[in-house]
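A.B. asks: Build the full structure now, drawing on both the sequences and the hints.
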Amino acid sequence: YNFAVLGCFSLNSGQFVDLGVVNQKYTVQVHDEYVMTGNTAVLKCQVPSYMSDYVMVTAWVQDSGMHLYPNTDIGGKYTVLPNGDLYINNAGPSDGFKTYTCRVVHKLTVVNQKYTVQVHDEYVMTGNTAVLKCQVPSYMSDYVMVTAWVQDSGMHLYPNTDIGGKYTVLPNGDLYINNAGPSDGFKTYTCRVVHKLTGEMQVSAYPGRIIVTEPKGIVQPRINVEKHSSRHVTLNGHITLPCAAQGHPVPTYRWFKEENEQLLPVQFSDRITILSAGLLKIHKARLEDTGKYLCWVNNSAGEETIQVMLTVSAPLTAHLQPQVQTVDVDRDAHLQCIVSGFPVQDIVWLHDGKPILRDNRIEIHSEPPRIIIKRVQKDDQGMYQCLVTNDWEQIQSTAELKLGDASPELLYWFSEQTLQPGPTVSLKCVATGNPPPQFQWTLDGFPIPDSSRFLVGQYVTIHDDVISHVNISNVKDEDGGEYSCTAQNSIGKVSHSAKVNIYGPPFIREMPKITGVSGKDLVVKCPVAGYPIDKIHWERDGQTLPINRRQRAYANGTLIIEQLQRLEDAGTYTCMAQSRERQTARRNVEIQVLVPPKIMPIQAMTNMLREGMRAAISCQILEGDLPVSFRWERNGKPVIGTGNEVIRRLDEYSASLVVEHISSEHSGNYSCIASNVAGTEKFTVPLTVNVPPKWIIEPKDSAAQAGHDVMLLCEADGYPKPVITWKKAIGTSPGEYKDFLYEPNVIQYQNGTIHFKKVTKESQGHFLCEARMKLAPGKVIFLKVNVAAHFATKSKQIFIARGKQVHIQCNVQGDTPIDLKWRIQNSQQHLDESIDARYTIREQTLDDGMVSELGISHTYRQDTGMYICQASNAFGQDEMTIHLIVQEVPEPPKNLRINAQQSRSLQLSWSTPFAGNSPIEEFHVQYKFIADTWQTSERITVSGSQTVITISNLKPAKTYHIRMAAENKLGASDFSEVVQVTTLEEVPSGPPLNVRGEARSSTEIFVSWEAPEVDHRNGNLLGYYVGYQMASMRTEVNPTQGYNFKTVEVRSHFGGETSLVALNKFTQYHIIVQAYTSQGSGPQSEEILVNTLEDVPTSPPESPKCDVLSSTSIYITWSPPSVDGQNGKIKGYKVSYISVEDLYERD
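Counting in UniProt numbering, the final residue of the sequence shown is number 1147, and the numbers go up one at a time with none missing.
By construction, these hints were calculated from the structure, which means they are not laboratory data.
Do not rely on the hints blindly, as some may be mistaken.
No more than 27 Å apart at the CA atoms, straight line, and that leaves these computed lysine-lysine pairs for DSSO-like [what the hints assert, rightly or not]:
#1 Lys166 - Lys227
#2 Lys928 - Lys958
#3 Lys187 - Lys216
#4 Lys738 - Lys779
#5 Lys821 - Lys761
#6 Lys758 - Lys727
#7 Lys77 - Lys402
#8 Lys784 - Lys761
#9 Lys761 - Lys738
#10 Lys374 - Lys187
#11 Lys257 - Lys227
#12 Lys354 - Lys374
#13 Lys761 - Lys794
#14 Lys476 - Lys499
#15 Lys187 - Lys166
#16 Lys513 - Lys374
#17 Lys700 - Lys784
#18 Lys1131 - Lys1105
#19 Lys98 - Lys354
#20 Lys284 - Lys794
#21 Lys804 - Lys969
#22 Lys133 - Lys196
#23 Lys955 - Lys928
#24 Lys499 - Lys44
#25 Lys796 - Lys761
#26 Lys637 - Lys700
#27 Lys682 - Lys727
#28 Lys779 - Lys796
#29 Lys779 - Lys727
#30 Lys894 - Lys969
#31 Lys257 - Lys794
#32 Lys378 - Lys402
#33 Lys520 - Lys784
#34 Lys196 - Lys216
The following label-pair restraints were derived from C-beta to C-beta distances [as the list claims (entries may be wrong)]:
#35 Met711 - Phe914: 53 to 61 Å
#36 Gln118 - Pro355: 39 to 47 Å
#37 Met711 - Ile798: 24 to 32 Å
#38 Gly422 - Gln563: 39 to 47 Å
#39 Asn360 - Ser451: 50 to 58 Å
#40 Gly422 - Pro355: 23 to 31 Å
Glycine residues also receive a C-beta, built at the ideal position from the N, C-alpha and C atoms.
C.D. replies: Below, the structure written as structure tokens:
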């Protein structure tokens, strides 16, 4: 029949894109498709033709939630092609109830933006590396890639190219310009990019250039690239790790890789090389290249580091096993996802497109990735996926879990009911199971009556549940009884019984003849109808049952006869039912007893037959109803009776099997099977044929290479099966043997083969293979073990003091002759006396190989390196690496720098010098005054790990000489170059000396003094401060307050003198002097007291008064002048007088 696979509309409003033809709205549709059962349906995602180039299908979604992705094949049921078409294979009725939605994405929505490409100018110091970057907005960086740089001269520079060591373009588009010089500053560079989706080409808006500058002094390296970055490359791909900095002097670059939390130098080879500047190029990347790389940049001014995390990924693959498995209900299911590739960051499990979560039935394991579904239920069947992802890739594999055989289980059943005659009765049972069960209905143990009023039917739902029913129309009292529904499949069956009681008098339905099997139990239920029934019983020959211990009769009308016997139990039985109103019903039933066949025991036929003899097996039954049929089996397979085998029927009770010219192929277990209508009997007898032993695989001499696996084959056949044993010859020649002792690396298989795992030279010798059996053969073989040239120790280190003689030995094991060669790593030239007269090579043959010794008579620093001893013979080759380290006293510390200096301390730093291939244990620092000798210098010792020290307890404004030496276990280095440094000044710590003062006039004092002591000057004296104040102004609280200061320059003798003028007359002054340097003034000198000289008073007497004493005398009084105007000691007064008339006349 036909059915429709339903689709559903997938609406997509579309997006506006500024790209011409795609600037339109569109609708996506899925049309319903018709398909015949068992065929393949194809659903298509319908996109308008004008949009088909710009839209792609990303997934189909089933209404159950399961996602179906392009380029996937899910269990052979669903296939999504790259163009988005969905194929549904082997369509069945259940597929017609599912719907599918198509999901699409517009390819060009991501480019619906304008963007500009820029190149910024970069500054670079002469001789360094400049890095120009193509600046693309972050929102477009995933869709735009650099295709070229174009120099103004027209030269094109493409990614992944290195042009003469001058220009390098990395895969990400960065342009490295190495060894920049003045001429590079006149060139400009334009960046060209392309849009990955649209193919649109664009160039930078303005060209960029590098600005080359000349360094001023030494400059510590400054990095031009990211300090911490990550890079990714696929297996066997190429990658360049960035490292660029600029400084003066031009910095050097060294690369390290972190191994086991240690930084080890990167070993360069044809695969791993350094490009110009510090770029590290890795060709044909391997998984072991994954890790953290450190670029160390340094010059004499300092150092910097750049860290790059490299991930090498291998393509992911996943294979879910088993692809299809069938598991019975309540059994466990195991699914394992076999994953390869690197790195594997996440594994997600899906069931029918939905994530699987752990619970008490589902276990999810990570090593190896697998899930265990315990006690499988019906809902567990379906499609399973394991999704394996990392940052760059996602793959998946699919497997199908089918529900295996499950015994039937009832989901619904009818219940007991009581009713009057007349209505319609419907009885229903629902069961599930795999395969789907079939229902059988019985009434009181007998088939449902064949009547038009009874209708029996069943059907299967979309969930594979089976629904069965019995409908009885116009029910009558004779339809009552115990109804049973039995669901049965190939695994088992399940039943349910319940009574349907219909009111009416007793009625017993007619019963067909009942057949039982002798020796088995028989159960008969009396089919009584009517309700209510008072009692039911069974009779035979007028006697109420039971009449013996094998019979049991129950009140519900069930009769059980145990261990049926034909003579006693066959016959007519009567069932009688009675109601409470004494109404009765009777019905007879005939019971027939059948007897199954019983075979007489047959004698075993072992160890009595040889090849070529004739064998006959007879089979005879002791009892059983006729007719009886016979058939034969050998090892469970039918014997047809053709060729040498003949089956004969002797009579009704016996048969025989005759085999002419018997051979070993006829050995086995023979079964005689006798059958009649009552049952089947089987009797099995073993038959063996003795066969002389012979080789199946005759042992042969064998040769193997040491360290490889080897098998010695030895297999014999015969009957009884011969047992293979191995012996090994004592010594090197055959003759006397002893039992072979099986070591842990030797396995003997059941067929006699012995397997040597990673065979060694000790296993070489003669071996005897014997079959433990009469007249058994034996064979001697020789096992030759070839040992390839190999080194037990692959590497070692040798330390030697410079100038000493050294002998480097390599011990190689293997079969001689062995060719031994010496060379230095990264050089293919072999070492011998012709290369360097200091070299001597000696060789000696040993029992298990050879030893070679390379001697160097006088070692130099350049002899340090990796020496490779290469050994080869006819069976293989190997090499050993000896790291020779020539040790010497270290070089003097370099780049001594004064980082910070104070008046009494300074900080000294230095660069660690070449350590002489032995760790520097100590640094010795010496310092002294410039005029002193080194014998009287101060010494400080610090650890060899330090590169900075603070020297304290110095004198201010003193010039020192500093030098250093490094010391390792071999001794101390020469001293470094001398560094001269002057400490900073301080304020003087001592006062000026011998301060003197002398009054020169009433308003002037001359002051002189001498400089402070030399050790207290603490720098260059710039001058003096002379302070003075009147004694009358001095306070006891703060005697130093109120001074007037005069600045005086230093004289040639470092002392000083000055005149203090415009002083008050006849006044006592306190005078102090302070010296000062660039850091300030020091302590004041001791105060001196000096008085200015006397002078005429400048103030008149005060408050004059006149009193008339007489006509000729006047009494005059006055007060002395003010103190400020006295200007000395008043010795007297002069009084002048004149008459007023004379005064006016004179005017």
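A.B. asks: For each hint given before, does the structure comply? Return the numbers of the non-compliant ones in rising order.
C.D. replies: 10, 16, 24, 26, 27, 28, 33, 34, 37, 40
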